[in-house]
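Colleague: Dock chain B with the ligands against the given chain A, drawing on the hints supplied.
Residue numbers (the numbering used here), protein chains in the order written: chain A, 1 to 630; chain B, 1001 to 1630.
Just so you know, the hints here were simulated from the structure itself, not pulled from any lab data. It cannot be assumed that every hint is accurate.
[Unchecked claim] Here are the simulated distance ranges between beta carbons:
id: 1; chain 1: B; residue 1: Pro1088; chain 2: A; residue 2: Ile491; range: 38 to 44 Å
id: 2; chain 1: B; residue 1: Val1037; chain 2: A; residue 2: Cys268; range: 52 to 58 Å
id: 3; chain 1: B; residue 1: Gln1463; chain 2: A; residue 2: Pro490; range: 36 to 42 Å
id: 4; chain 1: B; residue 1: Arg1163; chain 2: A; residue 2: Arg29; range: 43 to 49 Å
id: 5; chain 1: B; residue 1: Gln1463; chain 2: A; residue 2: Asn452; range: 51 to 57 Å
id: 6; chain 1: A; residue 1: Ala25; chain 2: B; residue 2: Gly1543; range: 43 to 49 Å
id: 7; chain 1: A; residue 1: Gly133; chain 2: B; residue 2: Arg1029; range: 52 to 58 Å
id: 8; chain 1: A; residue 1: Asp544; chain 2: B; residue 2: Pro1088; range: 43 to 49 Å
id: 9; chain 1: A; residue 1: Ala25; chain 2: B; residue 2: Gln1463; range: 47 to 53 Å
id: 10; chain 1: A; residue 1: Ile491; chain 2: B; residue 2: Pro1592; range: 53 to 59 Å
id: 11; chain 1: A; residue 1: Gln354; chain 2: B; residue 2: Arg1163; range: 19 to 25 Å
Nothing here was measured: the structure is a model prediction, and the numbers come from that model. Backbone N, C-alpha and C fix where the C-beta goes; we use that ideal spot for every residue, glycine too.
Protein chains: 2
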Amino acid sequence: MLLDRVNGPADLKAMSLAELRQLAAEIRRFLIEQLSVTGGHFGPNLGVVELTLALHRVFDSPRDKIIWDVGHQAYVHKIITGRKERFPTLRQFGGLAGFPKRSESPHDAFGTGHASTSISAALGMAVARDLKGESHHVVAVIGDGAMTGGMALEALNHAGHLRKRLIVVLNDNEMSIAENVGAMANYLAKLRTDRTYAKMKNEVEHLLKRIPSIGGKVARTLERAKDSVKYFWVPGMLFEELGFTYFGPVDGHDLAALTTMLDRVKECPDPVLLHVVTQKGKGYGRAERAPDKLHSVTPFNPETGKAEKSSSSLAPSYTDVFGNAIVELAEQDPRIVAITAAMPGGTGLTKFAQRFPDRFFDVGIAEQHAATLSAGLAASGMRPVFAVYSTFLQRAYDQVIHDICIQNLPVVFAVDRAGLVGADGETHQGAFDVAYLRTVPNMTIMMPKDENELRQMLYTALQLPGPVAVRYPRGAARGVPLDKEWHTIPIGSWEVIRQGLSPVAVVAMGPMVALAEEAADRLAEEGVDPMIINARFVKPLDGDFLLRLAGEGWALVTVEETALAGGLGSAVLEWLAGHGLHGVPVRCLGLPDQFIPHGGRGELLRAVGLTAERVADAVKDVLRAGRVPR
Amino acid sequence: MLLDRVNGPADLKAMSLAELRQLAAEIRRFLIEQLSVTGGHFGPNLGVVELTLALHRVFDSPRDKIIWDVGHQAYVHKIITGRKERFPTLRQFGGLAGFPKRSESPHDAFGTGHASTSISAALGMAVARDLKGESHHVVAVIGDGAMTGGMALEALNHAGHLRKRLIVVLNDNEMSIAENVGAMANYLAKLRTDRTYAKMKNEVEHLLKRIPSIGGKVARTLERAKDSVKYFWVPGMLFEELGFTYFGPVDGHDLAALTTMLDRVKECPDPVLLHVVTQKGKGYGRAERAPDKLHSVTPFNPETGKAEKSSSSLAPSYTDVFGNAIVELAEQDPRIVAITAAMPGGTGLTKFAQRFPDRFFDVGIAEQHAATLSAGLAASGMRPVFAVYSTFLQRAYDQVIHDICIQNLPVVFAVDRAGLVGADGETHQGAFDVAYLRTVPNMTIMMPKDENELRQMLYTALQLPGPVAVRYPRGAARGVPLDKEWHTIPIGSWEVIRQGLSPVAVVAMGPMVALAEEAADRLAEEGVDPMIINARFVKPLDGDFLLRLAGEGWALVTVEETALAGGLGSAVLEWLAGHGLHGVPVRCLGLPDQFIPHGGRGELLRAVGLTAERVADAVKDVLRAGRVPR
Ligand SMILES: [Mg+2]
Ligand SMILES: [Mg+2]
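Okay, chain A solo, but in the shape it has when bound (with noise of 0.2 Å):
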């Protein structure tokens, strides 16, 4: 095996172009071998196996700096610098993450998850470079879908602009997660596709050669139009016109043709942009043809490529949920609109496009946009829904603000992946929307014990004359039957679980409650019997039932799946202070303030501490506490 030679970027570069080829088919196999078993990102690493062996052969890592934008792409890159033992423990608690991280390894140069930032971090360092007198290159590879996010369009206006040597590598694979949508979209595929642009270039330029000499004014016009035409013949005209120089495309599975063009690109004293066509899945036949399903695997067979049965309840998951109930609350009400920002099928959309396929808008990874154009909708009258995971909706934090709250717009943000998220680790925990979205006015914030409750929450939310924020986990729900009928819940009404006769409430938020359960089943043993309370809002809380418990001498315990600083307990703890109520002994347990890395999601609990077990411990604690005597 070739691949058990390599050990890092250098040993590469000994080998013949044959030696690569084949060094590219065993990485296949070990991609496919080790992913079938710990799941992964499988469809985006497939496809650029050829290109990442093309990059750190004619590039110099970790001294040239190589960004992945997204970085769910570099398991490759992760397998030839070192790092291809750690693979059985990918994306596992303690195991190698599944994104760059600066902290794994000196060749990870920048990291990442969220898409369209690596062509502003590449330009940050090409001018750190510069102003220190340094040399070496910097490489941003990044995909055809997160080439329409805002931020990245921004970077190459200013990298236009400024003329630093940098080089983009355009990695298209003609979709994002889904397919991709939008005007750019179209025009790459124009570009790879309409081989008129190379051709006719050739030939106009041929022709006006031709041409006999005319004179006067239009042979001078003739003049003009052959500079004018060398000009405006380039295909990329619109990387071009942003100040790039644009080669390509070029096809992304030729180690040839790629190592000749990174090697031509490196020569370039000013900005340029490689645009390479690389096919998603490539390699793997089944995910050749349906790659928007394997981006992301769970483990499978690897014969089959069928998905390993797992052991999981039967409960469909909060997102399918969710899904379903848009479907049906849109069959009643011709306002409601649907928006996602490229994740169509990860916020569980797709029978929403395909029922109402004029009333469904996925803007490209957009999010930005995605929620302006909900208030414009908002505006009309309309219903909007942008549904989009926690982790993504800060890239429209400041929409949310100034385009939709402000103007108190009735938009409904379906917040998918509140709380952890396991596997992708740091860059998608859903943390901090709570925080973040509690400190805004006129915004109401709900979130879910189970998967009943999450439908009537999306009809409560579209009854609401304001912005509403649902927000529910990642993974299965509860199981639980559904209501037949729709009901609305009463604004800012926390609901009693389990009624308890020692005076000691716990408020629980969302999958949480669950746990309090659990914990007071555990507390029964020891004879302390505390109240669970569902606070299925965040904001507005609610204050009459807080004003009681209060009043009767209760001691609180909080338990949320979000970042303890801003969060339920803190609101809790806010109300109490504004209404004069000190000596309410509260323990508030949470997400600590630090960055949850990746890992199951049972383990980065117990890592974190909300257990039953410490729910327990939190009850006893603060019942113990008491009042304070002055």
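Modeller: Frame of chain A; chain B with the ligands shown alone:
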């Protein structure tokens, strides 16, 4: 006066072109008269007089929707939509807003204040129109500066793809607030000035028609060439590539040309972009010559253009103090670079830009890119300082989390306009940064009580190995002497301003320290003597200090000019609860859970209850409360 007869857009329709020209002149005089008294956005409005008149003549507001990007250029629109009598109250408490506001007039189709949102909102309205079977027009008016914002490009990309009937008017005055930067700006300049585009197209088409039939392959090439040339020689190629039909450039001060063009684009069934060239400050010589200086004005003498002498203190602004400090520090440390998103003057970086042009980066209206560019610089060993208003940092929230804080990169955020900003109102108040930054791990947050401390904080921030926000208010500092030497402030340490004899401490942040001192002076008359603490770090808090205070039985009053939800008070409450220290009476004063409108800072502070009197009341209240008996 024709202006007296204009009470709504309908009144424009009956006017002749000559009358409209006279009206334009009258409106310019009105603007100069009014703004010389009230202050406000001057240059941008002088520049769009004819454009606004033409829009309201050709379109039928409020049935047709006109959406102003940024909105500081909507004064003329306000004048002719029934609000001219309210101009003496412009930007004053309870008066006319400086930006479009849906609540102010049905003609204000979409509220704004930040840049680059208009195309997204307009597209949402166009989509809603088509879904509802309506037929009105939707027009977004966006500046050349705002067009470089990522979300505008996201929206162009999506609009070009959807092909909805939509009109984008590009108001190109060759600048944003400062001179424009970026490849897009160069591109627009080329469209404006290089007549080659339009002329060459005509000449080459003419030439191709004159070439006699050559027969065979060349003839076929020629036919294809004709088609392609037609396509390629369109100016505005970049917009055409994104799916828009480009019209222009048209002289934005020529009413006849404008109305002709608008009538034409009105008929287009697809997205169109009309490129209008205007001159910022048009019609007022001083503003034409120095449009950056007269972008926004304080009251001035219309004869001389000079600002009226204000009676305010001789203290420098915090912005200027920052601007001087960063120059001094950069003299000593070549790693320091400064970044702004189109606000070199507003953020005080003009001096830095002159002194260190190679280390200064104005990225255009592109806060997301600015943040991640800073991350790239920091990852390469530089010491980037991103100077940005609190409200605009909201645009870069995901980049703060994902690119800077997760990687713990030493980026310094110089967060200007933190707290209430006054006349700009809701969209510009710096109310949320403490909450949204405090929840992010690895972030350090400080705020100085005066300008000397600001300097030392900037110095301190530049020594730290991770991300730091130094936030400071708009306007004049306190006029204190400046230390000769630089020194670091111990991270997380608070400062006792006044020792106090009563068992109550006022924990105040930034300008609220002075307010607390004023409150203490009042309280002295009543025999109450609180401790005054300068809570110069919001994150981390001074835990040792809090522990001591709680242990010794002190009551606390927190005072901050930020949103209470998630702010300093909230952090103190969390800390106490986290250490089991319930029973400490705490009152939190700060901004309530509502958007704060425009007005004088003093008026606004009174309106929200941030006065010395209220602080004194809270101190007495919390003293009375004392500890609650069990
Ligand atoms: Mg792609
Ligand atoms: Mg402009």
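Colleague: Are the hints correct? Go through all of them and say.
Modeller: Quick rundown of the hints versus the structure:
Separated by about 41 Å at the C-beta atoms, Pro1088(B) and Ile491(A) satisfy the suggested range of 38 to 44 Å. Take Val1037(B) and Cys268(A): their Cβ atoms lie about 56 Å apart, and the range 52 to 58 Å holds. Our hint of 36 to 42 Å for Gln1463(B) and Pro490(A) is violated, since their Cβ atoms are close to 52 Å apart. The hint said 43 to 49 Å for the Cβ distance between Arg1163(B) and Arg29(A), and at roughly 45 Å that hint holds.
At about 54 Å, the beta-carbon gap between Gln1463(B) and Asn452(A) stays in the expected band of 51 to 57 Å. Range check, Ala25(A) to Gly1543(B): Cβ separation about 58 Å, and the 43 to 49 Å hint is violated. Range check, Gly133(A) to Arg1029(B): about 56 Å between beta-carbon atoms, so the 52 to 58 Å window is met. The hinted window of 43 to 49 Å between Asp544(A) and Pro1088(B) holds, with their beta carbons roughly 46 Å apart.
Checked against the hint of 47 to 53 Å, the C-beta distance between Ala25(A) and Gln1463(B) comes to roughly 51 Å, which is consistent with it. For Ile491(A) and Pro1592(B), the hinted distance range of 53 to 59 Å is not satisfied, since their beta carbons lie about 19 Å from each other. Taken as a hint, the range 19 to 25 Å holds for the pair Gln354(A) and Arg1163(B), whose Cβ atoms sit roughly 21 Å apart.
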